[in-house]
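Visitor: Listed below, chain by chain, are the residues.
Protein chains: 4
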Amino acid sequence: MTQAAALSPRKTPRQTRSRASVEAMLTAAAQILEAGGIAALTTNAVAERAGVSIGTLYQYFPNKETILAELVRRQKAQFFEDMGQAVAAAHDLGLREAARTVLHASIRHHARAPVLSRELEKAEMQLPLGPDVCAAGSEVDAAMVALLTHFAVPQPEVAARDLSALCRGMVHAALFAEDCDLAAIEARLRPAVFGYLGIAPDAPAPDGA
Amino acid sequence: MTQAAALSPRKTPRQTRSRASVEAMLTAAAQILEAGGIAALTTNAVAERAGVSIGTLYQYFPNKETILAELVRRQKAQFFEDMGQAVAAAHDLGLREAARTVLHASIRHHARAPVLSRELEKAEMQLPLGPDVCAAGSEVDAAMVALLTHFAVPQPEVAARDLSALCRGMVHAALFAEDCDLAAIEARLRPAVFGYLGIAPDAPAPDGA
Amino acid sequence: MTQAAALSPRKTPRQTRSRASVEAMLTAAAQILEAGGIAALTTNAVAERAGVSIGTLYQYFPNKETILAELVRRQKAQFFEDMGQAVAAAHDLGLREAARTVLHASIRHHARAPVLSRELEKAEMQLPLGPDVCAAGSEVDAAMVALLTHFAVPQPEVAARDLSALCRGMVHAALFAEDCDLAAIEARLRPAVFGYLGIAPDAPAPDGA
Amino acid sequence: MTQAAALSPRKTPRQTRSRASVEAMLTAAAQILEAGGIAALTTNAVAERAGVSIGTLYQYFPNKETILAELVRRQKAQFFEDMGQAVAAAHDLGLREAARTVLHASIRHHARAPVLSRELEKAEMQLPLGPDVCAAGSEVDAAMVALLTHFAVPQPEVAARDLSALCRGMVHAALFAEDCDLAAIEARLRPAVFGYLGIAPDAPAPDGA
DNA sequence: CATGAATGAGCTTTCATTCAT
DNA sequence: CATGAATGAAAGCTCATTCAT
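Residue numbers (my numbering), protein chains in the order written: chain A, 1 to 209; chain B, 210 to 418; chain C, 419 to 627; chain D, 628 to 836.
Derived from the structure by calculation, the hints contain no laboratory data.
Quantities reported herein were computed from a predicted structural model and do not represent experimental measurements.
Glycine included, every Cβ here is placed at the ideal spot set by N, Cα and C.
Be aware that one or more of the hints could be misleading.
[As the list claims (entries may be wrong)] Per the computed footprint, the stretches of chain B lying under chain A, defined by three or more beta-carbons under 8 Å from a beta-carbon of chain A, are:
id	region
1	330 to 339
2	391 to 402
[To be verified] Far from chain B by the CB rule (all over 10 Å, computed), these chain A residues:
id	residue
3	20
4	44
5	150
Full structure from sequences and hints, please.
Guide: This is the structure in structure tokens:
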């Protein structure tokens, strides 16, 4: 009984009223996470901010971790939505254009909710993720590896991880430093990615702004 | 009362016994942090592991945050030790060699205690850092900026931040994935850094293992 | 409001569907009680196991105690069914045979559902029993007292209580120790009862297995 | 860490102050148990009644069960104290006198704190007892078995259990019915025990009051 | 100075019960 | 009548922090 208590929600709400409650709780959790970090994410705070009672929260989430897990799951689904198309489309391009496209999508994604995103990444590490949540993440990974394989990049798994980390690290740092000019970030990051992939740099713009 | 509590240690102990206690507590804190994350870092646990009483802990650290802050301060000092010489020496080299040197030192540093390091970075964000701790960090930043300026890299502050984030992101991701071959990581990261700085890639090794 | 809440069911359902629901709930409650003790007996668990909604449960039982009370009432009724005839028939026998008969019936009863039975006894004590429930129990008591009076046993109320307790204690202990040979238990208990009543023991069996 | 959390106390208090606290908590727990049953035994109630804070309680008892376990342990130790000598002395008597002696001690013991005693017995069943607590109980059992063996009673383990249950059942029932004349209870119980053991009854008193 | 007993706010979670649909 | 979403008091337990010894 206790053993079976998984990371998945407790009830799938049928009525509209409860569906709204669940949504409210997840939104509240995201906001709290964004504002105060994991330390601030208490079940009481989530319930209060969502405007429901603590009892209601526990009708839908068997424990605190489940809320985080669901948030992570959605984040990964979002990631897939944001990246999937770009990665798929990139197969028909040259490596240079493919890299540009995917990089663009990636930056777009990371800029969506950078603080929440970072916070979820932190949480993800010490969270025993359920298989469904993992699945959501690995889809994008798989697509990236497929793309890199298609372009004959050596060690595609490693490269996927490297490029992903490279990109995430730089974008987050920039946004954390309140440097929010996405186009500029992309322009700075692109040559690094090209460098990693062994692609010749773009012809330098006559004026390096 | 709580408001006025500073982030710096309460007393700077001159006596050897006290100094040993403080050292023991900080070591204990680091170990706990490394083993169990911030969640496991309780004052009682630190005191117990350090072999001192909880009362003694509060004699030298006015609150929990202070312990973390001191750990961060030392981490930054370590960073300076690891990087300072490399950055200084790099002034006398060409850009390509300078980049290699600094990158090498950087990777060396990040590989020292990657788990603890990540944990401290996480903590750092939601920590109201005292001025002395900030100072420790900015020294290295300043040196990097100076170096980049010396090589006429445009926007040296931004570039310093970018390169630092790039490097940290990739190294941590690799180490987290249990990929611990530092030389290989360095070899993969170098072309990205070169790309970022607009340096032509190394002549490709005849065999790309 | 809470004070006024009685111990008797809220409605006596005439319709078949309702009756089935009530039956289902009581059965569910008994099963839960048997499997997990009083601690496991939650209203939600009862409703779920009975396949009805929690709202329906509260339509027929004003509160949790009422469910238990009804279970106790039925247990006592069962006791009367199991014992009544034996006690009545015993009037026409000699004391020795009467004791044998009643003891036999008693052990049969206690062996019916010993776990549930014990659990209900535990619950019974801290339960403010309604008068109807008490009535159910006292019928058998009265019959026993009548029987003992008929045989001129001194202090028949006390003797009824003593013999009942004696018997219950030993049977439960035996069953709890997984010693389920009813005939053997009866054979061991009989001389004790005879001893209590001052009846000479049976002629010893030539082989005392 | 959670796994290792046993049923044994957390700290063995060294200072007199804390020893008093522990004693106060156990006394409080016993009183609450006696007054309101297991349902009333909450950690908050225990702490409050003992005049300590809830934090103090958890310094010495890792969880609620531990308090109960300690109470059970003491009860068993008490049982051993009350019975041990009588059982030992009984070896040198005839069976009839031995039975009288042990029965007398047993009733004395059960009459000490009958309500608490019953409550602890109830609790004991659903409690995963630690080995030390079990040990405390089995000593008396072993002594009883030894005594019965000494008198060549067949199936001494079964007989020990039966007699113990018989006795406990009747004494508790009597005391619960507010019949507190221990001598009378003993006088009624004795012939039952004699009957069980196949001993001829005492010569009947000329007047059976 | 060192100790560790004591504190209590606050967290996670459960469950009896109500009430709009 | 049946449903099940919602409620919130209350339970078990943790941990940063204080203070008498």
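Visitor: Taking the hints in turn, state whether each one holds.
Guide: Each hint tested on the structure:
1. For the region 330 to 339 of chain B, the stated coverage by chain A is satisfied: 3 residues place a CB nearer than 8 Å to a CB of that chain, which reaches the threshold of 3.
2. For the region 391 to 402 of chain B, the assignment as covered by chain A holds, since 5 residues bring a beta-carbon within under 8 Å of that chain's beta-carbons and 3 suffice.
3. Distance check on residue 20/A: its Cβ is at least 31 Å (rounded) from any Cβ of chain B, clearing the 10 Å threshold; non-interface status holds.
4. With a least beta-carbon separation of about 18 Å from chain B, residue 44/A lies farther than 10 Å from that chain, consistent with its non-interface assignment.
5. With a closest Cβ-Cβ approach of about 18 Å to chain B, residue 150/A is found to remain outside the 10 Å limit, as its non-interface label requires.
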